[in-house]
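**Q** Listed here are the chains, written in short residue letters.
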Amino acid sequence: MFEKSLYDLIRGLRNHKGNEKEYIQNCLKECRSEIRSSDMDLKATALLKLIYLEMNGHDMSWASFHVLEVMSSQKYHQKRVGYLGAVQSFRPDTDVLMMATNLLKKDLASSQPTTITLPIAALPHLVTPSLALSLLGDLLPRLTHSHASIKKKTVVTLYRLALVYPEALRAAWPKIKERLMDKEEDPSVTAAIVNVVCELGWRRPQDFLPLAPRLFELLVDSGNNWMAIKLIKLFATLTPLEPRLVRKLLPPLTNLIKTTPAMSLLYECINGIIQGGILGDGEDFSAREEVASLCVSKLRGMVSVNSDPNLKYVALLAFNRIVTTHPMLVAEQEDVILECIDSEDISIRIKALDLVQGMVSSDNLLSIVSRLMRQLKASSSALAQQQNGLEDLDDSSDDGSGRRAKSPEQAVPLPDDYTVDVIGRILGMCSQSNYANVIDFDWYIDVLTQLVRIAPPPSSRDLDSDSSSSPKSVDISEKIGNELRNVAVKVKAVRPAAVRAAELIISRLNADTVSSHPVVAGALKPLTFVVGEYAFQLSSADDTLRNLLSLVPRVDYPEVLATCLQSIPKLFASVAGDDQALWTSERKSSLSLLMARVIHVLEPLTQHPYLEVQERAVEFIELLKLTAEAASGQAPSTDEVQQDAPLLLTQAIPSLFTGWELNSVAPGAQYNVPIPSGLDLDEPIHSNLGSLLAQADSLMLPTQGDDEFETYYNQRPEPTSISSGPAIERLVDAPEEVSSSYQQAGEESYLDADIVARRKAERRERNKDDPFYIPDMSSNRTGTSTPIHNILQKENGPDLDIDAIPIMSLDLEKLSVSGPSRQQAHQPRQPRQKIVIEADETLGGSGGDSGLSTPGLRPGYDSENNSDSFNLSKAAKKPKQKSLLQFNSSVLGGLSLTDEQRPDDGFAHERQQKEEAEMAQAMKEVQRLRLEMQRANERIQVAQGVPSEGVAVVKKKKKKKVVKADEGEGEVVKKKKKKKADEEGDGGEGVVKKKKMKKKARVVKLDEDEGEQVGKSIDEER
Amino acid sequence: MINAFLVFNGQGQPRLTKFYTQLETSIQQRLISEIFTLVSNRAPGSCNFLPLPPLLAASGTSSSSSSATEQNDVPSLVTYRHYATLYFIIISTSTESPLALIDLIQVYVEALDRLFENVCELDLIFNFETLHATLGEMIVGGVVIETNMERIVAGVRAQGAVAKRPVNEGSRGGGGAGLGAMAAAGFQGMGGNFVWHGR
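Chains A and B supply the protein sequences, listed in that same order.
Heads up: the first sequence begins at 1 in full-length UniProt numbering, then just goes up one per residue.
Heads up: the second sequence begins at 1 in full-length UniProt numbering, then just goes up one per residue.
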């Protein structure tokens, strides 16, 4: 025998480790010929093998016709394979499905229960609206089949039919309801129906209110926990519509909470109470209070430290739901929730983060962010270790089977996605409401500095990867940089610190990356702006310029490059533009060297394919060449002759960049700028732009060769003068033993050593004249120093051993009375100067959404790169982005089950629109007539002396009708009313007519309201 | 609703894939490998829920701003259990109860154990049709229809005899041993009234 069985295939796969690909290709080839065979056994076997291979990712869509052939086999075991093949391989575009209809009909009518099951179970995977339409009639009788298993599968299949063809439910619902109401029905069928009703319930809860008594009975009596869970979920959607249910539900639910041994049921009871809004306000306050505290205490127990991780997770889910309605209740649990942020389980962390983000305030921001930072720091150092250890193993273990080696002791490196997410959240929390929660901006700057180091590099060129990763397209590193830039721009008080931080990051970036590697950190873009714009505040503009120059040739992204290019002349201006300094020969030669260097770096960029880069490079090179000429022409001053530096250098270039200070501008403000009248934006810039661009495309960036010039400059020692603290600080830092406060311990655990050192130095600097401040112990030799000690030491000189003199030792506990101790270093350290955070500038008038409000008065203002607002606007832009795997049950939303008389119609929406148009016209007509009538009436009434009341009556009656109205009922109602009106009308002509008019008007009004509602709901669904 | 039910082993090789919405084969595979990466990096003692894999998260989280009802259609929960060499995954919407899903996987594994008598990975490899049949008795079209083990087992048996693994594949060596034992250990109190034990 040549053909293989499935066993042979699998065994073969296991025996061909290494060259599976080849083996599988051979097998596929065999299957292709086998499946064409006329021998049904062979065909079915081949199909089974194909299904197996499909599971492993080998497409079998080409075999769909053969799947049909096997489905139509007479033998059950072959038929089963065929149906399995259909379920696993048919896709929305499979076209042979049309041919399957009759086969499915036949199998649905089979005498064998096992055969009937096959199409029923397969249909949810295959169904299309037309298939649903033609099979509905065959499926419905199966609801009353003698086998319970067929009944329950049919129920579910009917539901899935209804998802693509809503009218199916209208036909099926009475029968399903009958099954549900039947107390004699098999309990497993009832359970299946409850599951389906639960799915339907959240779409149209109002249709299921009449079932409440029966559902309640099932909840209390059934004793089936699976079903009870679903029933509670269902009730949670019903209670908002029928508040009286709450009173009925509370006793059994509290009873279940107190007694059930099943944790899942307990949880769902609590969850149901939350979702059903039973926690909410109400008349029976004390009972609800009791329930609320019961639920929250149970949830607290679930979240607390030692509980099962699954319970932690679900409890956090529940808290996430409560927090929207009862933030107070959740805020009380802050302590246990914060613990979850540090859980080693990422799922739990993420859920806890979701919660915390909503709870953040200026009081807890610091501790929350410290926790997160500590995590990130630990993970990034673990990652660094791992990479060092596994550098060369990495490639070999990459192919699918590679599981990352994990040692349980060391911190597991966090996945990049998570790291990015956490960083985004930190930025979001801090920048919320224009930095309302940030108290200590120095701290924030340090956090940002640390984040830049931690941030994972963008994964494989996010910029030009496929659109699925588009939400991430703003590189996280750039976001961090943006924050730093925002702080520098908006908070003038800490601008110097922010600028120095940017300076530090750039120098580190230059020192850390290997000179041949491209620089990918997106943070460079905003940071170079900061160092350029505030160059006068740099500790060494010279070094920064040098760092930047050596970074520029390695920058990959053109946008980043363009910003760098703008910063270079700014820095140059601040280095060279000093008009006070003498024009010495020394200065002259160093400047001409510097200019030569800048020109050398910029030269290759004049050919850059990105136009912005090219243009800026060309501009600056020309400018510098002119300046260089001027500089070389100006003789240096000697002892006798005083020479000024060339004006081009000291006046012209700096004046390019000084002028108005740049402030942050609200995102929408641009829209408010009126377009100048003479400007035609459609006019082409150049008549032959296309060919110019084509030429530019064909240009290539010259490859980077390292010439002597380059190496000369790269050999320079790396800059050391940048660190602002004295070098001794670093030495002292390491062996430090002083027991520090909680917060400081926190900082040290998440900030790198050098940042901490700098921070301490700064703090000391700031507080050196503050008599209440106790200096950092590490800088003094003695352990118990006081301000007095310091003064004495200064006065008496170091020889006097002050500690030998017995004086009252200082109790740190008491110190807090006289002045703040170090332990509260962050809050009342000194009368905190009010930090002014500037709001974005905007222009008056209306235009873009965000430009509408006045600056500073907007409570919900978020800084521009806050992820929330970003996401929101994104979501608003394309809200109909359908998720993978998503069911679409929205069609059910428009389907009413209670209204049985409505004519079946698949195009409800279209019809409604037509109706609306008709109604609008009718309405006009009616109004016109009514006006006439009224006038006529008035004439009569005035004559009779009766006040006119016609209008008021109409209104009264209208209200009544609105309550009764159901969607899409308009047509019917209208007809009915007409008839009624006709019947009633036995008076004089005029009276009948008037009545008719009134009725008509009422109906029309009704329909209008509905139209609006439908319109709204459609809008929401989009 | 349940969006997908997956079984794969410790190397990420699929043993059962069932998607209740139609999906391209290549995307199925991508999703499986994403979930595998997530699941294989779990620390011991973590909870049985995974963060959303990137493929689902891309669309899942951005819809958080849309109305709460729309949310019920979107897969938002990935539940998994790990037995011996195999991972069992359920992707579901928020209308399912997370803790009940953990039990559902347990019921499935126990049913397989009953059918194969001390089930191991090899049984599942060679009888993937039975895997489908068993799942078909529990879930149809993404809705749970049966949780009682007797009925599930009876339903599968009614469709024909369940084959054992081929004799010459014999020894329960390799990656195969102990799935059934794990199942029994995880779920002692199965007597009709389902009780969730945690671990």
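Check the hints yourself; a few may be wrong.
[What the hints assert, rightly or not] Pulled a few chain A residues facing chain B out of the computed Cβ check, cut under 7 Å:
1. Met55
2. Gly57
3. Pro92
4. Arg160
5. Trp173
6. Ser188
7. Ser222
8. Tyr267
9. Pro309
10. Val314
11. Ser347
12. Arg453
13. Phe887
No lab work stands behind these hints: they were computed from the structure.
Owing to the predicted nature of the structure, the values given are computational and were not obtained by experimental measurement.
For glycine and all other residues, C-beta sits at the position ideal for the given N, C-alpha and C.
**Q** I'd like to know which numbered hints this structure contradicts. Please list them from smallest to largest.
**A** Hints 5, 7, 12 not satisfied by this model.
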